[in-house]
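Chains Z and A supply the protein sequences, listed in that same order.
Using numbering that gives the first Met the number 0, read the first sequence as starting at 0 and increasing by one per residue.
Using numbering that gives the first Met the number 0, read the second sequence as starting at 0 and increasing by one per residue.
Don't take every hint at face value.
Straight-line Cα separation of at most 20 angstroms, PhoX-like style, residue types lysine-lysine; simulated pairs [what the hints assert, rightly or not]:
no. : chain 1 : residue 1 : chain 2 : residue 2
1   : A       : 243       : A       : 209
2   : A       : 27        : A       : 52
3   : A       : 554       : A       : 371
4   : Z       : 62        : A       : 243
5   : A       : 554       : A       : 303
6   : A       : 323       : Z       : 62
Just so you know, the hints here were simulated from the structure itself, not pulled from any lab data.
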Amino acid sequence: MKRIITLTVQDRSGVLNRVTGLLQRRQFNISSISVGPTETEGVSKMTLVVEVEDDQRLEQVTKQLNKQIDVLKVSDITDKAIVARELALIKVASGSQLRSEINGLIDPFRAIIVDVCKESITVQVTGKPDKIDALIELLRPFGIKEIARTGLTAFLRGHQPQVNESATYSLIK
Amino acid sequence: MKVEAKLEFQTSTAPKTGADLLIDLLVKEGVETIFGYPGGAVLPVYDAIYKAKDRISHILFRHEQGMIHAAEGFARITGKPGVVIATSGPGATNLVTGITDAMMDSLPLVVFTGQVARSVIGTDAFQEADVMAITTPITKHNYQVQSISDLPRIVKEAFHIASTGRPGPVLVDLPKDITSGVLTDAPEDTDMDIPGYQPTFKPNPMQIKKLADSLAKAHKPVILAGAGVLHAKASEQLTAFAVKHNIPVATTLLGLGSFPADNALSLGMAGMHGTYAANMALYESDLLINFGARFDDRLTGSLKHFAPYAKVAHIDIDPAEIGKNVPTQIPIVADAKVALTELLIQAESSPKSEEWVEKVLTFKQEFPLWYKHDPKGMCPQWLIEAVHKVTNGDAIVATDVGQHQMWAAQYYTFNQPHRWITSGGLGTMGFGFPAAIGAQLAAPESTVVAIVGDGGFQMTLQELSVIYERKLPIKIIIVNNGALGMVRQWQELMYDNRTSESILHTQPDFVKLAESYGIRGVMIDNPEELIASLPELFAHDGPVLIDCRVLQQEKVYPMITPGKGLNEMIGVKPE
Numbered sequence: 000m001k002r003i004i005t006l007t008v009q010d011r012s013g014v015l016n017r018v019t020g021l022l023q024r025r026q027f028n029i030s031s032i033s034v035g036p037t038e039t040e041g042v043s044k045m046t047l048v049v050e051v052e053d054d055q056r057l058e059q060v061t062k063q064l065n066k067q068i069d070v071l072k073v074s075d076i077t078d079k080a081i082v083a084r085e086l087a088l089i090k091v092a093s094g095s096q097l098r099s100e101i102n103g104l105i106d107p108f109r110a111i112i113v114d115v116c117k118e119s120i121t122v123q124v125t126g127k128p129d130k131i132d133a134l135i136e137l138l139r140p141f142g143i144k145e146i147a148r149t150g151l152t153a154f155l156r157g158h159q160p161q162v163n164e165s166a167t168y169s170l171i172k
Numbered sequence: 000m001k002v003e004a005k006l007e008f009q010t011s012t013a014p015k016t017g018a019d020l021l022i023d024l025l026v027k028e029g030v031e032t033i034f035g036y037p038g039g040a041v042l043p044v045y046d047a048i049y050k051a052k053d054r055i056s057h058i059l060f061r062h063e064q065g066m067i068h069a070a071e072g073f074a075r076i077t078g079k080p081g082v083v084i085a086t087s088g089p090g091a092t093n094l095v096t097g098i099t100d101a102m103m104d105s106l107p108l109v110v111f112t113g114q115v116a117r118s119v120i121g122t123d124a125f126q127e128a129d130v131m132a133i134t135t136p137i138t139k140h141n142y143q144v145q146s147i148s149d150l151p152r153i154v155k156e157a158f159h160i161a162s163t164g165r166p167g168p169v170l171v172d173l174p175k176d177i178t179s180g181v182l183t184d185a186p187e188d189t190d191m192d193i194p195g196y197q198p199t200f201k202p203n204p205m206q207i208k209k210l211a212d213s214l215a216k217a218h219k220p221v222i223l224a225g226a227g228v229l230h231a232k233a234s235e236q237l238t239a240f241a242v243k244h245n246i247p248v249a250t251t252l253l254g255l256g257s258f259p260a261d262n263a264l265s266l267g268m269a270g271m272h273g274t275y276a277a278n279m280a281l282y283e284s285d286l287l288i289n290f291g292a293r294f295d296d297r298l299t300g301s302l303k304h305f306a307p308y309a310k311v312a313h314i315d316i317d318p319a320e321i322g323k324n325v326p327t328q329i330p331i332v333a334d335a336k337v338a339l340t341e342l343l344i345q346a347e348s349s350p351k352s353e354e355w356v357e358k359v360l361t362f363k364q365e366f367p368l369w370y371k372h373d374p375k376g377m378c379p380q381w382l383i384e385a386v387h388k389v390t391n392g393d394a395i396v397a398t399d400v401g402q403h404q405m406w407a408a409q410y411y412t413f414n415q416p417h418r419w420i421t422s423g424g425l426g427t428m429g430f431g432f433p434a435a436i437g438a439q440l441a442a443p444e445s446t447v448v449a450i451v452g453d454g455g456f457q458m459t460l461q462e463l464s465v466i467y468e469r470k471l472p473i474k475i476i477i478v479n480n481g482a483l484g485m486v487r488q489w490q491e492l493m494y495d496n497r498t499s500e501s502i503l504h505t506q507p508d509f510v511k512l513a514e515s516y517g518i519r520g521v522m523i524d525n526p527e528e529l530i531a532s533l534p535e536l537f538a539h540d541g542p543v544l545i546d547c548r549v550l551q552q553e554k555v556y557p558m559i560t561p562g563k564g565l566n567e568m569i570g571v572k573p574e
């Protein structure tokens, strides 16, 4: 299962290496990782998307990350109400005759064209990874020359629903 | 960063350097002994050591691996961090085995490595190695000092991190321009800044109550005592708890001594070469209370067959160990002593376990450890018993890794804590002899015995120089079977007797070798001579190397072969 784990870490030399090295050593698969500064000086935030087999392995990964001295906080936010976004740049082979077609295609994704040249255009899209995957699939027939993705970054929404509110909802009851 | 006070700043004519400050900081941390080896990148540090001769003692080893194992032995006996200094590049990389060993066995070390000057880091300079990257996965934490003004904080944090919580090695990499840099002003004494490090000592009261309730309801309780009990200095509390509730106690390899072996409730060591009573008690129990053991695979055997009927309570200072290998119903993150003290108050009702205790104690009587005397020579197990006898079972024993280690664990029964030094997790050959040196430095009045194999001893024997030079009266017992015995045993049992590269066809003359270092050496190949000479050899007021020729074919039994469960031991009884 894919889990979204956020870390707040001390912004010190080698901290990214500590985190990725630990995951490699303990045989956890990283799907994506993104890092950047936070509102607090000297504190960075990492968002990891990791592939884990079961709850026991999930517990291990969070506990092992927590043991790192430079790691301040570890949260598995997968099941919380979150805002999660990724940015992708997609360079698509396209002569001038296809541009309007592509424009129409990316519009529902609220993607934009950020670079144009004779043989290609570059599309910028922001959203959850599955939305980005979907757009890539749609653009694939045009011929994708290059893709760059930032990896997911995420945090909790300002308001978290109470546990009973998020219980399974059924129309019949 | 808050300013507490100005550090004591000794005035002298020579300008004070970063290295001088470092030595001041070590003295302030209470360090009396440094295990070290000089080299280019640490020349400023060695100049400072020279100047501080009257305040701190430096022991020069002959190889960095030897000195770090010595620091581990020192840490094991004192509970305080062993302090190591090595130069950059090869000096640092030679420490890697010892750092990893300390990490696996939770030993506090503070390791200082030299580094090339910051201006040339990353240029593949002479004796440059990326020590930070190399040691990140094998240290509890590591630092590279980037400014002299950071030194006070980093040294303070290094000692704090190494010795609190689950102890472990901390490395501080010292670029040469930092240690040779001249101090213009007394540096500020700064507070530690480690908000991400807050080990839990106190148990959750809910979990303690849960354990107390489970104990009252249990019929087949058993305690597994690991090295966590020793780190917490909780042997007394453990004994009181076991006796109060009449609970049998098995220990891990590293937990030997945490519970007195001569107590009626002691089942001895559990695991691959553990006793039948200990392993069967773990297998059949309905409540397994683990104090400070990490459920290592050499203890559990196949996890499928490990304590299949038991509710598991695990008390550990490291939360990541709980539930790592064995599903745990009662997780208690705490220092073993704090948890035991709490349990002694909270757990009032004892389990109804008379039948069970009688049963496991019968196992102890019916299936004791065994070996057969052989008129052809000296049995290694008997040799250990003889060493036990001549030292009244009260020596500090350091071992290497292999058959002799298991025999020492089985037959040198410990009634007191902090007497047993062995490489458990990493299984490092060459560990025992230098570790004994560290132990003797830590406990000058104690009898220290290094029980080593003929294979492992040859990995670090160069430290004979140190015991001669420092007049350390260590007694070295080489359990010499002319083979890498444990490798040979596995090849005989599992590889159809194909003893590939495990027989040592040539050996040095260990007696002459000892003598060449100025140390007394003797060779003994029969029990009669051993009995006759051991008392005198142990009474000798200096180091002695005793090359004991033992039967080569002897195997360590009982045994759980790889992939098997605790209930599938072989060699439980003589054939």
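message = Just to be careful, I want the Cα atoms of residue 554 of chain A and residue 371 of chain A compared with a cutoff of 20 angstroms; is the pair within it?
response = Distance of about 11 angstroms is within 20 angstroms: holds.
**Prompt:** Are the Cα atoms of residue 62 of chain Z and residue 243 of chain A separated by 20 angstroms or less?
**Reply:** violated, 34 angstroms
Pair hint outcome, residue 554 of chain A versus residue 303 of chain A [Cα-Cα no greater than 20 angstroms]: violated, 27 angstroms
inquiry  = For residue 27 of chain A and residue 52 of chain A, compute the direct alpha-carbon distance and say whether it is at most 20 angstroms.
reply    = Measuring from Cα to Cα gives roughly 15 angstroms; hence the hint holds.
task: Take a quick look at whether residue 323 of chain A and residue 62 of chain Z sit within 20 angstroms of each other, Cα to Cα.
output: holds, 10 angstroms
query = For the pair supplied as a hint, residue 243 of chain A and residue 209 of chain A, is the alpha-carbon distance within the 20 angstroms limit?
reply = Answer holds: residue 243 of chain A to residue 209 of chain A is near 18 angstroms, not above 20 angstroms.
Hint violations for this structure: numbers 4, 5, all remaining hints satisfied.
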